[in-house]
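Asker: Sequence:
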Amino acid sequence: MAILSAQQLLLLSAMIVSLSSGTNYIYSLYAPQLASRLHLNSKQLNIVGASGNAGVYLSGPFLGIIVDRKGPRLPLFLAAVCLLVGF
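In mature numbering (1 follows the signal peptide of the UniProt record, and there is no 0), the protein residues as written are -22 to -1, 1 to 65.
In short, the hints are calculated from the structure, not lab data.
All C-beta atoms in this analysis are idealised placements derived from N, C-alpha and C, irrespective of residue type, glycine included.
One or more of the hints may lead you astray.
[Unchecked claim] Estimated spans, in silico, between C-beta atoms of each pair:
1) Leu12 / Leu(-11): 24 to 30 Å
2) Lys21 / Leu(-12): 39 to 45 Å
3) Thr1 / Phe40: 17 to 23 Å
4) Leu(-19) / Val26: 33 to 39 Å
5) Leu(-4) / Ile43: 37 to 43 Å
Based on the provided sequences and hints, a complete structural model is requested.
Answerer: Set out below in structure tokens:
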């Protein structure tokens, strides 16, 4: 198996992140199943959803600074790894 070049790895990471970045937008689709499997009440379920949104929106400015200073390669790779581990 051939090793991916840096450009191919960056493209693959960007594709994974872009395909997975809509998870907060479809939260209402999988929230009922999440609640039933984890035995959560509506307040706990709302805390989970709000925490996900807060993590996405509050981290944006800080990650933007890192991308501006270091470039997109490392943040995209780390985002892809986090999404793969999280799912």
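Asker: Now look at each hint and say whether the structure bears it out.
Answerer: Comparing the hints with the structure gives:
no.	hint	result
1	Leu12 / Leu(-11): 24 to 30 Å	holds (28 Å)
2	Lys21 / Leu(-12): 39 to 45 Å	holds (42 Å)
3	Thr1 / Phe40: 17 to 23 Å	holds (20 Å)
4	Leu(-19) / Val26: 33 to 39 Å	holds (35 Å)
5	Leu(-4) / Ile43: 37 to 43 Å	violated (25 Å)
Checked against the numbered hints above, the structure violates only hint 5.
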